[in-house]
Amino acid sequence: MNDNEEYVREFLVESAENLDQLDRDLVALEENPRDSQRLASIFRTVHTIKGTSGFFGFAKLGAITHSGEHLLGQLRDGKIDLDDDVTGVLLTLVDAVRSILERIEKTGGEGESDFHDLSQSLDRVAFEAVKRREDGGVVVTRLTPPPAEAPAPVAPVEVSLPPEPELEPALPPVAEIVAAAEIGAVAPPEAPAAPVVPAVAPATTTAATAEADVATLVPARVVVPDAAVPAAPPPIPAPPPAPRTRRPAVAEQSIRVDVGLLGTLVDLVGELVLARNQLESTVRHKTASRGDEHPELLKVVHRIDTVTASLQAAAMKTRMQPIEQVFSKFPRIVRDLAVTCGKEVTLEIDGADTELDRSLIETIRDPLTHLVRNAVDHGIEPPEVRLARGKPAAGRLSLRAYHESGQVMVEIRDDGGGIPVDAVRKKAVAKGLLSAEQAAALPDDRILQYIFEPGFSTAAKVTDVSGRGVGMDVVRTNIEAIGGAVDIGSIPGSGTTVRVRIPLTLAIIPALIVSSGSHRFAIPQAAVRELIALRAGTNGSAVSVEGLEGAPVMRLRGRLLPLVFLGEILGLEADAAPGQAPRGTVVVLRSDEVEYGLVVDGVTVSEDIVVKPIVAVLVALGLYAGATVRGDGAVVLILDPRGIAHAAKVPPRPASDRLAEAAASEAVPLDRYLVCESPAGRVVAVPLEEVARLETFPCERIQHAAGHMVVHREGRLTALADVDAVLAGAPQPIDTQTVTAVILSATLGEVALRVRRILEVVAPEAPINRDLRAGGVIGTIAVAGRATEVIDVRHALPGALPSAALAGVTA
Amino acid sequence: MTRGTENIDVGKPAAEARRLCTFVVAGRAFAVDANAVQEVFRGTVTTPVPRGPAAIRGLLNLRGRIVPAIDMRRRMGFEPIAGEGIHVVLTASGETHSLIVDAITDVIDVPVAAIETSTIGAEGAVGECIEGVVAARDGLVHLLGIEAIVAGLVETTVERKMR
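Protein chains in written order, with numbering that gives the first Met the number 0: chain A, 0 to 810; chain B, 0 to 162.
So that you can see chain B by itself, here it is in the shape it has in the complex (with noise of 0.2 Å):
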């Protein structure tokens, strides 16, 4: 597995505003709390899950923490690309699971009266994903809650044929 480290440096948000780490996946903008991110890599899954969950991509070997690494594309109902993709490894409810999206945008402060926390327009897959939107000054971005991501991966089981 080939992983070079891009260190983000997640500092102190200013009051009352949260610091989120923004990437795109297929297109389209989304977010997450960049203060649980614990790094970001990239770098291939080699440990496929056999009847694991579709998104599952596979297991990450972390420092000797065994990761799963979850296909966004597939967790919310993208066309899946092949490549290696990068990994967004963070830690919600004492799991560490990695997202895997197309690329990193930036990291960005926003107060959180300018997160709309009802998700307008957002169904299906995406939608469950969603904790809400903030209007960024590139356009509207999606904040992702990895509770959410996580609890919705057994719905999403798929009878998956392996490779």
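So here's chain A without its partners, still in its complex pose (with noise of 0.2 Å):
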């Protein structure tokens, strides 16, 4: 790369930034017309850009750019107002500087595109306000609308000032002076660019700081630098004060660097980490081994271990970014979608420096606009609807990011409209995505999620639920791609809120660290739902691996979960011979499509990793998402949830599965039973809020005491009941290994059921026929056609079970 190249990088980077600062400022200024700082910044940016393209020999740039720039001039002369049309060109203005900048990154020159048009609309713009400003009798001294326009603060400044005639002839106008102090220099003030009136000079000042503080306006000669004041006559009383809108001079405390220089950072610094592990326990190994203390070495390793913590915690640090970076955009954007739909929006924005990891800034950024745009789309109302709802014509659109729990939240408030959450109810029932029962007994709240489903995700078919929800379920897909969460409240006529969950770092993950044979894995702890423990051989266990047309299925909790095993999918060696019962622990895995057990030989231990990226052939391979180096210094593959049931050819779960499930897990109010076979062979049923917990222990732990049954967990005795002996039947002979035992939670006390196994979960559709009572049975339900009994818990307790229950017979 020539120099002039590196030059022309350097200026591209750099404008791009400057314009997001633009399009920021010119959206403030629009808001606040009197803020000079604001309009001295824009005036400066401009001129930078007019004065490189000049350099670099881009013409097209140079001539817009200078006709912006003279706007931008009279502006800030007072010579005309921003009104509409000014802040509208300016803005086409920033938006053919970025179309040129980006032409000139992708080919090096400026393209066909000719802004001669802006060019002579911003000069036509000039020349009609500075036109409209003389015709309609306007003194020419005003940077603001008169004051009766605008908020109280200014305008009784602007009265009280006496105008200083002996000042005048030595004072340029206040943006340059106040641009001059911004930046730092101390430059002696250039010739009014225009002829200032000499009368009218202090009233522009005034109209320039009078943002900053009051307190600073008498005298208004206080902004003027020292060497701004030729001869100064009156001694500067006190150091200009920092206007509270100036932006703090960064360019002396940050530098740039190099993206993949702070990669190889955070890189060594965990080789170190490493290397100082292996120095900790090599030196402690040595000294206890030969019993002679190094108490200076042992000082040193400790004073490298300290420094070697704080000196990851700060190379972590460097990957962290303000999340303004995807805020800056907004202000445009709302401006923007505003005028186009009509409304008028206050965009409020809180928590821009929440800082969060580089890599995530981009991913969020579309979902984020997405969320925005929504809320102003459909969310906030016309003006003419807000009032006559009795809110102000302007709605409030509010952004707000934090730190939660080691998470970002971001959070997208309007105060508009809101969901009509019934017409999602029906809507949802409509596309055959919940039953008429099940909507009607799902509490709003989660009614609203149903706005990410894909369903809900066409423009046509959205406008009759409230416009809402377009493309939300790309939004999700998003968010949870990367770990995190997207949920969704509202008020009808008060407004929604759509709360975003972000992981603060995608470089370390909280992982679990799985075995199969002598390899170890990693997989994302924000795949894993649950882990169970898979145990061959006991008849009684609460899972049971069973075969459906040749794929291995488990069921759990009535449902049935396909499975997979690791050792097999990868080539490992065997995990069981055919036949032989699996053991090990499977992994329940669920990602939006799919939801699968994944059977490993054992988990290790769960902790944070660092993800580590893989090479492109192995990505390729769709099983692994990375890899991840452990304390002990061995690579470890990340297992890819997804890629895995692709591999395995795991069917994806169709959603009306997904949300019924939700719908039946969360907030149908249904009566569910443990259904599960006595030792004898009966099939019973326990009401599912009785169950504390399923167990299995081995015999010993079963003892006798007072005459009554015992079981040993958690240092405790519980009372061991047989199913059997509740219902009054006489209680079977333990003849296993192992037992299994329904632990019931009751206010009396604990007390565990024996059972020969576990079935499932049921929830009933009819509810429970208590006509059918007796002894130990409080009634019946249908389960799978066929009526079973139901347990009546207060019998199984220790009080009032009959002696013969509860002493049973070992074998």
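Because the hints were derived from the structure by calculation, they are not lab data.
This list has only true hints and no planted wrong ones.
Output of the computed footprint for chain B on chain A, the stretches with three or more beta carbons under 8 Å from beta carbons of chain B:
1) 602-614
2) 617-623
3) 628-635
Far from chain A by the CB rule (all over 12 Å, computed), these chain B residues:
4) A81
5) P110
6) E115
Examples of chain A residues lying across from chain B (beta carbon under 8 Å, computed):
7) L267
8) L569
9) G570
10) L571
Only a predicted model underlies this, so the values are computations on that prediction, with no experimental measurement involved.
Glycine included, every Cβ here is placed at the ideal spot set by N, Cα and C.
Since each chain comes alone in its own frame, lean on the hints to assemble the complex.
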């Protein structure tokens, strides 16, 4: 790369940042046209781009920025007012500059587009504005609309300041002085670019500084730096106070660093941490084995340990960037969209300095932009509707970012019309996602989440819901892809809030370290729903593996869960000989599309891992998401749950299944029962709300106490009852190595109910029939068409039991 | 993993010359561009990649960077041998790989004109890795292209029984 190219690249990078700032400044200026700081900043940016484009010979860029600068100069000098026309044409200028810069970046040239029209309209707007001003007979003094329209604080000040004729000839336009002050240069003032009518200078000054602090206005010359007052007769009473809106001079405190270099730094620190660990263990081992202590050596090791930890924390911080990078685009987006939709929107941004990993910034940009657009487009009502509803004409859109329990929360809240929940409810039923009964039973906040379903995502179909929801499924998919979550709440008539939860970093994730044979792998915790021990040979095991057309499945709470054996899918040594019952742990993995159980030999530990990229050839395998280095220096591959499901051909879950399940588990207050088989082979049901948990324990833990059978668990003795005995049948002898029990929780204490095996959890459609009541049975329910007795739990409690039920017979 | 780094003094080659790092694989002389070589060390690979390309012996932890180690004997279709081998770590197209070779021979400067780019007489897996041939003092040296080595990994992927 030759020098010139390097400069051009630097120019492009710098200009891109400046353009973003311009967008923000222009929108802010529109809000507050009196803000001379902003105006000066805008002027400076455009001026810089113009200057540099001249240097590189970008004529078109030079031409339009020249026209823009002229218009801005007139604004700055107070010759024209900032109105919609002016703002509009200035924003168009920013867009044009951006498009030229993009073209330069891609092709090296300015491209064919002719921006002559833009230059003309910039000139025309400047001319017309001046003309309008003159025609209207308004005195050419103010940067601002007349005080009557302006917020209170400015008006009185403007009136109260007397002209100070003796100072005037020396006073350059305030904007320029402030500009000079802000960049820290103490340059002597230039002659005013355009002659300023002497009598009006103080007024201009007033308008410019009113924002800063009313106290600083008297005398107005306070803002003039020393050198700017030649032979200043009155001494400057105090140094100019920093205006509130002034941005800190960041230039000297930050430098540009190549992102790759930062990555290398983080990697090296990781390596240092490992070396530190090795050093520590070596020193400890040596001193322990020889018995000679080296206090100095230990001290040094300790110091290295501390410094390394701090270094690691600092290195990780270099990856963090403020969410402002995303937020900064929103004022412009909101403004443009509000203008297009004919709405008035006030955007409030809070917590823009909240930091998150650089790699995440780009990922969340589109989803957040989408949510913001939605809020303006569909959330906030047109002014007339708002007024009719007794709300202020301007809608409020607030964006808030903050840290919460190691994650970043972003809240997008509008005070618009909200989402008509009933329309969503109807839609969900119409789309077959819910039955009418389920829909009726689900609370509003659950119903609202259906907005994120793909079925709701086409614009045409959504208009009758509320218009909201366009592409919401994409928003959710993108956020979930990075391990985040999104959730929506809405109050009809008063607004909608969308909360997005984003992990702090993608670089460090919580993961489960699992083993298969001698291999170890990491599984991202985000995908793990639960762990289930797979015990072989126990008849009454809580889980059982079945074959379904050759594919192994597991019955889990009444549902069939496809199983994938890790050793098999990765071609490792065989997990179990065919026919032999598998053992190990089932890691239940769930993503949007699939849910399956990954059978591994064991789960080692759950820990935070640093995700490292792997080469493209290995990514292409579709099985691994990356790799990590563990504390002992070993490299461990990170499994890609989605890819493994794909490789194992796990069928995707139908959306209706997923939703019905959510409906069943979270909202529908149906009675649910645990169905199990008694030792004698009777199928009985226990109300699920009475069940504390399911346990299996070895027979050795069963003891006799006071004529009752008890089981030793967690250091306590729990009475063990036999289901058959509760049902006034004969207790079965214990003839197995282990005993499976349903632990019932009751106010009087816990009791373990011995069963042969657990069958499933059912939610019968018909309520319990209490007509068929007998000793120990409170009624019957229909399970798969068969009447099943529901056990009276109180009957199983020690006091209520006939001693025979508790005594049992041990084999 | 034991790792003894042998520093290679790459230095600056003469004008119009390429500096090559030469090594031996299965008794034959090969070379890679010395400028791409980051380091050379003797070591073992601890983490295999199940279902990965057969030629990838496993992953290395190179100062926090995860680097796949390509067994050049397997990659070029020679009889594999046990043992740790010598790792030649090189970076190309933004990715770092390690080539496991039998032994390092030398660093030589050869005039660009002396590199014959037509790969006469080399076919199959060896042929697809070769970028050119150069006549050195001790005989012909085949110049390997790292991009070609990596690109061909996928095609040579063979179902491999893990240990």
